[in-house]
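Chemist: Sequences are here, hints too, so could you generate the full structure?
Those protein sequence lines, which keep their order, are chains A, B, C and D. For the first sequence, position 90 matches number 90 in the working numbering, and the numbering has no gaps at all. For the second sequence, position 504 matches number 1504 in the working numbering, and the numbering has no gaps at all. For the third sequence, position 35 matches number 2035 in the working numbering, and the numbering has no gaps at all. For the fourth sequence, position 175 matches number 3175 in the working numbering, and the numbering has no gaps at all.
Keep in mind the hints are simulated off the structure, nothing from the lab. Please note that the accuracy of each hint is not assured.
[Stated by the list, open to error] Taking lysine-lysine pairs in the BS3-like style, the calculated list, with each CA pair at most 30 Å apart, reads:
no.: 1; chain 1: C; residue 1: K2038; chain 2: D; residue 2: K3400
no.: 2; chain 1: B; residue 1: K1901; chain 2: D; residue 2: K3150
no.: 3; chain 1: B; residue 1: K1622; chain 2: B; residue 2: K1869
no.: 4; chain 1: B; residue 1: K1869; chain 2: D; residue 2: K3400
no.: 5; chain 1: D; residue 1: K3400; chain 2: B; residue 2: K1943
no.: 6; chain 1: D; residue 1: K3052; chain 2: D; residue 2: K3010
no.: 7; chain 1: D; residue 1: K3266; chain 2: B; residue 2: K1025
no.: 8; chain 1: B; residue 1: K1640; chain 2: B; residue 2: K1557
no.: 9; chain 1: B; residue 1: K1138; chain 2: D; residue 2: K3007
no.: 10; chain 1: B; residue 1: K1911; chain 2: B; residue 2: K1901
Nothing here was measured: the structure is a model prediction, and the numbers come from that model.
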Amino acid sequence: MHDLIALTPLGARDPRRDHHLGHSLIEVTDVALASVAARLGREADAAALVATVTGAEAPAPARATASAFWMGPDQWMVEAPFATHEDLARQITAQANGAASVTEQTDAWCRFDLKGDRLADIFERLCNADLRRFTGGKAVRTAIEHLGCFLICRSPTHVSVIGPRSSAGSLHHALLTAMKSAL
Amino acid sequence: MTQKNRLQGGLIDRSRSYTFRFDGKTMTGHAGDTLASALLANGVRLMGRSFKYHRPRGPLTAGSEEPNAIVELREGARQEPNTRATTAELFDGLVARSQNRWPSLAFDALSVNDRLSSFFAAGFYYKTFMWPAAFWEKLYEPMIRRAAGLGSLSLQDDPDSYDKGFLHCDLLITGAGPAGLAAALTAGEAGLRVILADEDYVMGGRLNAETFSLGDMAGHDWAAQTVARLRSLPNVRVMPRTTVLGAFDHGIYGAVERVADHLAVPEAGKPRQILWRIYTKRSLLTAGALERPIAFENNDRPGIMLASALRAYANRWAATPAQRVAIFTNNDDGHRTAADLHAKGVKVAAVIDTRPGQPVSTDYEVLQGEIIDTAGRLGLTRITVRLAKGGTREIECGALGVSGGWNPNVSLTCHQRGRPVWEEGIAAFVPGGTLPDGMTVAGAAQGLFSTHAALTSGAEAAAQIATDLGHAATKPDLPQAEDAPVQITPFWHVTDAKRAWVDQQNDVTAKDVKLAHQENFVSVEHLKRYTTLGMATDQGKTSNMAGLAIMAEIAGKTIPEVGTTMFRPPYTPTAMGVLAGRSRGTDFRPVRKTPSHTWAEEQGAVFVEVGNWLRAQWFPRKGETTWRESVDREVLQTRKSVGICDVTTLGKIDVQGTDAAAFLNRIYCNGFAKLAVGRTRYGLMLREDGIAMDDGTAARLAEDHFVVTTTTANAVSVYRHMEFVRQCLFPDMDVQLISTTEAWAQFSVAGPNARKLLQKVVDPEFDLSNEGFPFMACGEITICGGLRARLFRISFSGELAYEIAVPTRYGDALIRRLMREGQEFDVVAYGTEALGVMRIEKGHAAGNELNGTTTALNLGMGRMVSQAKDSIGAVLSRREGLNEPVALKLVGFKPVDPTHKVPAGSHLMTKGAPVDAAHDQGYVTSACYSPNLGHHIAIGYLKSGDQRLGEIVRLVSPLTGFDHDVEVVSAHFVDPEGERLRA
Amino acid sequence: MIINHPLLGPRDAAEFVYKGDAALIHRPDGMAPDALEKFIDYGYLRDNPAGEHRELWFHEQGDRSWLVVTRNTLTHEITSVELARDVARREGRSK
Amino acid sequence: MRYSGWKVIKEALTGHRGWGPAWRDATPKPAYDYIIIGGGGHGLATAYYLAKQFKQANIAVLEKGWIGGGNVGRNTTIIRSNYLLDGNEPFYEFSLKLWEGLEQELNYNAMVSQRGILNLIHSDAQRDAFTRRGNAMILNGADAELLSTKQILARYPFLNVNDARFPIKGGLAQHRGGTVRHDAVAWGYARGADQHGVDIIQNCEVTGFRIENGTVKGVETSRGFIGAKKVAACVAGSSSRLMEKAGMRLPIESHVLQAFVSEGLKPVLPGVITFGAGHFYCSQSDKGGLVFGGDIDGYNSYAQRGNLPVIEDVAEGGMAIFPMLGRARLLRMWGGIMDMSMDGSPIIDRTHIDGLYFNGGWCYGGFKATPASGFAYAHLLATDRPHDTATAYRFDRFAKGRMIDEKGMGNQPNLH
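Modeler: Below you can see the structure in the form of C-alpha cells.
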C-alpha cells in the first residue's frame, strides 16, 4: 500500500465542517465516483451494469438512486465508499464486458452536503433548481455562482452539491455565504 | 421644526417618532412616513431643482413615478443619488440632501438658466457651440458636463452586499391593490403557487390612500386583513418592497426586493437588496393606474401636485403641503380629492373644473375655467383662473391638486414590444399588442377604474388562470365597493401658455413640443429624442401622454395616429449592485486552484491568473531580488538537472469507444488511426474554417481508449466542439467523451535527471529505460508502493521529460515526495514563466501563436494536414488566401546587439523599407530572455520567414519606442535535433 | 429564455451555449470533388430568417446534450426541442 | 437654413418662429438615379456624400419607419479606430478623421467628444496582443498609447485595485477616441443630404426588387414601385431579410446587442473605458447618464430586446472594476439588432445583380463607422470602384479565405 497522504478538495487533511442555525455544511471526501457511459447499441447492457454494481435500477434522467445518478443520455455516475472502492472505475470496467466506457471521476469533483429544514431558502439564493418541489432521488446539474454543479437531493433535508474540485474553495464560500444570508 | 402640516388620522404610527435631517435641518416624522410625507408634514414643499432650468420643485406625486422630489439619500459610501423622496421609507436618523443645486436649494446659482431659457429651447445645442471649432471640447462641453447630471456618487466602494435568487411559481401577481389582492386570494385558495409582489412597503395600493369603505370596513383595513389571510396560506408568497422590474422571455420576470433600504444599515451578513429571477407559468399585472397632470403656465411650482397625490398624503400620511389648497380637474376624481381634504380640515379655496355644469358644493366653491398662471418663487402662493363665464380670478393657496385623468400603468405590458392601444372612453392607452408570455392584466391597469371593477376583474382573471392550470377555483366573496363610472373630458394643456411644463424633470414645455413639430421631429421617437421628453428618471410616466396629445393637436391628428407610449425595463431605476449580486471583488469569478497550490504557497510562489486558474508563475528564493533571477535559475537548473511543474491545468478529455481512433481522425488534421497502444502523438486541431483551433497530445491507453490533452485556455471549447462532432456530425460513431481535467494531478518532470528522479517513486516493476519507455510512450503505472498513476513521455521543454498523473487528492503528496527525492539532483520547481521560456527556446507554439487567425501552414505544419482523409477544417484550409506564396511563417528572432530585447507585439520591417503598415512583414508573438543563450530571443510570424533565415530585419514598436535590428533564425533555439528529449 | 429539454424539462437558456443554424449538422463530404464549393456555403452562408429558426444549443451546464431548438427569431417563441443526435440520425448522418 | 450664433440669438429673442424643418418629408418620385434603402446613419451619410462629395443627383433615401430609428439611435455612442488588422484600421481611422471635422462639415453639432478610450489589460498575453495592436494603429497613422496602472489610476482613481479578481496591469489608450451624440448624427446627415437635394422618404418600406435579366430596375415599396438605375441596400440588422427578396443568402446572422443607461449623475467618468477580463464598457454622456454595454445575447434574434443573463453579466463586469457603481441605478435598457458577419468585419460591395449594391455586416462596430461607411459606399456607388480604405470589405473574401477576423473567432458570428 502506498504511503501518500491525501488532501481534501479544500486543501486540508480533514474534511471541512460548518454549522449555522441548525444547518450543516459538510465536505464529503469518502465517496469514490466513476462515470459509466453506454457503448453504442449497448445502452440496455450498460443500464444493467449500473444496476448490478449499485444494486438498484439505473436512474432515469434527472434522478438519483442511493449510489448512482444520471449524468446525461445513457450515462450515469456511480458512487461507492472510497475505502473499499478507491479503484472504482477499474472495478466496474472488469464487470462491463464492453458494454460501457467507464471513467474514473472520484477526484474530478468536490462534494458538500447540506442538511437542515430550510434548504430551499438557501438554494433559492444559489441556483434555479426548484428545491421546494424536490423529493428524495432528484438529481440536476445546474450553475451555482458560475460553477457547473450536480445537486443530488437525497431527502428534502439533505442535499449534496457536487462541483468542480479545483473550485472547491469558491463553491464552499458561496454555499456558506448563502446559508448565512438566507437563514 | 414642528410638523405644522400634519393632519389627523392616517396610517402612520404616531407612537414611533423618527428624527431625520434634510439639507442639515433636523425634523421629526413617524413610522410609516416617506421622506416626502414627513417633509410636507414639516412644512417643506421645496425638495429639488429641475434638470435644465434648475426650477424650484416639490413632489408631483406620492409614488415611484415621481419626477421632481429626488434627493441624495444617506451619507458617505452609502450615499444614494436620485432617490425619490416619495418612496424613500423614513427611518430614524435618515439623512438626505437636495441635489443639482449650488450653493443651496433656496438659492441656486444655475437658476440663471431659467431666465435665459429662451436660449435653451429644445435641441438648441445641436445648432450652436460650434464656433470656433476647437471650443466645443475645450470650453462648451466641460461647462455643459459640469452643469448636467443630477445627484452624485460617493466614488467609494459600495459597502453593502447584494444577493441574487430564483423563485418558481404558477402565478406572479404584480401590484397588491384591490385587483391584486382579490386575485391573490382567489388563486391562493385555489391552491396555485402564488407570488404577490408590490413595490410599496404597505400592501393595498390606492386602498390605503382612499376614504371609501369596502363592505363594512375601511378599504385599508380590508387590505390589511386580506394580506394577513394570504400570509397564512403556505402556497402564497407575499413580497412587499418588491419591484417587478422587467418581463423577459418565456415567463421569466426580474424583481428587486429591498430587504434593508428602510434600515440605517443592513443586518450583518444580510444583503441590502435581492434580485429575484421569477420563473412563472402565468402572470397577472394589477399595477393600477397613474394620474396625469395638465400643462399650464408655471404648473411646476412646489405645492402643485397631482390631486391623487394630495389626497394620498392627506389620507394615508396625514400630511398636506399647505392648509389652503385648490383643485384643477377635468374629471370627477378631482372632486373626490376636494371632498377628502375638506373632511380632513384642510381649507379648499376652490375646485376649478374644465367641464361645464359641475355640481356646486356646499363645502367649497366650484368654478368652471382654466388656470392660466401661478405665483410663488419657491412655493405656490397664488393661482390665476380664467373663468369660463369670462374674466379672471386670483386665488390664494399654498397647494394645488391637478387631475388630468388616469393612465393605466401599462409599463410591464410593453417589455416585449407590446404596443398599448387607445381607449376613447377613458381617454387613455390600455394594454395592447403582444403581451409578454402568459400575462393577463386586470383592474385599473386594464382601464377598469372603479374599486368594484378592480376587485371583480382581479378575481375573475385569477379564477380563469387557475382553471387554465387545472385548478378548481371558486370566486371569493368580495366586499361591496364604489363603482363610479369614469367621467372625463380630455383636457391636456391650457392653450397659449408661455411656459407650460410637460416633462417636469427634463424641463420640456408645450412650446418645445411645438418647436419639435415645426422642425419636423414629428414621429413620437423623434419628439422624445429631440426634446428629451420622457427620457428622465421617471421614463415619462407622468409626461408622455401630454406630449403625445399636444403633438397630435398640432399635427391635426388623433393621438393613436401620432403614436403610443412605450416603456422599457426596468420599471423603476435599479441599483447596479443588485444586478451584479455577489459577483464582485475577488468573487467576480470562481478561482481554480491546482493540486500543488497549498504547497506552492508554502514555497512563497508568485501566482498568476490563467483564465480562472491560479498558477505558480515562479518560485522566488531567498536573495533573489528580481523575477528574472528566479526564472533564469528555474530554467537553467531544469535543463542542467531536473525541474518539476504542475501542468494539471491542461485540459484532459477521456475518449473511449470502438470508434475512438476514427473519431480522433476526424478531430485532428493529422492521422491517428495507426497510433499504437502505449504511444502518444502530437495532434493539431483545426476549426472547420481551416484555422488552427488547438493543439495537444493524444495518448492511446488501449485499442478503444485515448486520453486527449488540450491547452489550458481551450479545454472547455474543445470539449464542446468534440461533443458537437460526436452528437451532430457522426452520431453513429461508438465513442464516449468525458472531461478528466480535474480528476488527475499532472506534473511535468523535465531535465537530464528526470528519469533518475522518477525511478525513485515509480514502482520497480515498471521499466523507465529509454528502450522500455521511449520518447512518446505512455502507460498506466503505480508509484510509491501501489498508487495508480499515468505516465506520458512527452516534452514541452525539449528536455528528457515525463508527465506523471495521479488522482488529484495525492497531487500535493506527490510533489512533496518528488521534491524530497529530488534533493540529490538539486531539483527545482518551475512556474509558468520558466515553462514559457523553455517552450520559446524550443519554438513550440502556444496561445500567443494560436491566436485564431493562424493556419497549420503559418505554424510550419502545413504538411501535417492530411489530404488522405476528411478531417475537420481540412477542406477550407485549402483556400487560396490561406495558401499565399508569401504566407506568414513561424520563425525565431535574436537581437543583433545581444543587449537588446526582442519585445512581443513588435512589428517586423524589411531593412531599408519604409516603416508603415503597407510594408509590415509580420510580428513577434512570444519573447523572453534565454538564460541558456545569454540573450533575449523571440518567435513570431514573418512573411516567407522560412526562406529568410539569416536575414537581418528591423523590429519596431513605436508604441513603446523600440526600434532595433534582429536576425531571423530557426525557432528551435535549443537542441534543434531533439536529441535531449530522446535521451 | 427557457428551453424545454426533451429529457430534463424546462431549463433556463443560461445553462446552454448557442452555436447557430441547425443546418450545421449537414456537413458536406470532405472527399467529394466539389467539396471546397460546398464547404464555403456550409461554413459561411446562412438563411438567418426573421421567423422560425432551427438552431443548435449545447447544454453545457447540464447534461451535455446538443439540442435542435426551433425558435421564432421575432418573438423568441420556442415550438420544438429535440436531441440533436436524434435529428442528425433522422436526417441521414451516421459515421 | 444655416445655423449660426446670430441665428440662435435672433430666434431666441423672437420666439423661435423662424426655425424651419431640419429636413423635408419628400414624396417619392417615379424614378431616381440612386435609391438608398435605409434611413439610418449609414444610409443618410451615403446619400449626403453621394450628393455633396461625388456630385451625384436624383437620389432618394427610403426608410420604412422614421429616420435614425435603427442602430444609430440605439447604440453606446463610441467612436474609435483601435483596430489591429490592415483590412480594418485604415478604414476606421479614415472614419475617425471624418468625425473630427463633422460639425463644421454638417454645420450641425453632433457633440463629437474625443475624450479618449481605454482598454484595460489584465494579463501578459493581453499586453502582448494590445502592444501588437497599438503598433498596428500607429503604423496606420492612428494614435495609441500604452498606459501603466499608475497612469490609469490618475484618471480613474476609483478603479478596483483592492480586491480585484483580475488585477489591472495597464491599458491601451486611444486619446482621439470618444463619443458622439448618436441621434444627432442621423439628423445632421439628413439635414445635410436634404440641403443637397436628396429626397428623404419616411414610412416607405421596400417590399421587393424588380430585377430583369440580372439587372435591377427599381424597388417595390409600401408606397408603390420606384424605379432606379442603382439600388443601394443599407439596412444593417435587417440585411438578410432585405437581400432575401433579391434571392441572396448572406454571410450574416442577426443578433441582439443590449445597451444600458443609468440615471443622470454628476461627472465621474472622464472617458470611455473597457474591461479586459469581462464584458463591460462604459462612458458618461454629456447629460450625465452612464452609458454602458457588454456582450451580445448570443442567439439569432430580430426582437429589439434582450434577456436578464446578459444584463447581469454586464453589471457584474461593471461592479468588478468600479465597485463604487453599486448605488448608481440603471435607468433604461434597450436592444439593437446587429448584422453579425462571419468574420466580424463588414461588407461594402457590389452584388452579383447589376445595379444592386450592399452595405452591411457591421456587427457592433457600425456607429463609429458611419461617416467612412457613407463615404466609401458613396464612392462605390458613384465610381463602381471600392474606396481605398474599404477594398477588403468584399463578399468573396470568405470563398477566397481572406477573412478579416480581428478576434480570431472564426466563422461563428456570435463570438465576434
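Chemist: Run every hint past the structure and note whether it holds.
Modeler: Hint by hint, here is what the structure shows:
1. For the hint linking K2038/C to K3400/D, the alpha-carbon distance of about 13 Å falls within 30 Å, and the restraint holds.
2. The hinted pair formed by K1901/B and K3150/D meets the criterion: a straight-line CA distance of about 24 Å does not exceed 30 Å.
3. Of the supplied pair hints, the one linking K1622/B and K1869/B is violated, its CA atoms being roughly 56 Å apart against a limit of 30 Å.
4. Straight-line distance between C-alpha atoms of K1869/B and K3400/D comes to about 22 Å, which keeps the hinted pair within the 30 Å bound.
5. The suggested pairing of K3400/D with K1943/B holds, with an alpha-carbon distance near 19 Å, which does not exceed 30 Å.
6. A hinted pair counts as satisfied when its Cα atoms are at most 30 Å apart, and K3052/D with K3010/D qualifies at roughly 29 Å.
7. Between K3266/D and K1025/B, the direct Cα distance comes to roughly 24 Å. Compliance with the 30 Å bound is thereby established for this hinted pair.
8. At most 30 Å may separate the alpha-carbon atoms for a hinted pair to count; K1640/B and K1557/B exceed this at roughly 89 Å.
9. With a C-alpha separation of about 23 Å, the suggested pair K1138/B and K3007/D falls inside the 30 Å cut-off, and the hint holds.
10. Of the pairs offered as hints, the one joining K1911/B and K1901/B holds, with about 18 Å between alpha carbons and a cut-off of 30 Å not exceeded.
Violated hints for the displayed structure, listed by number in ascending order: 3 and 8.
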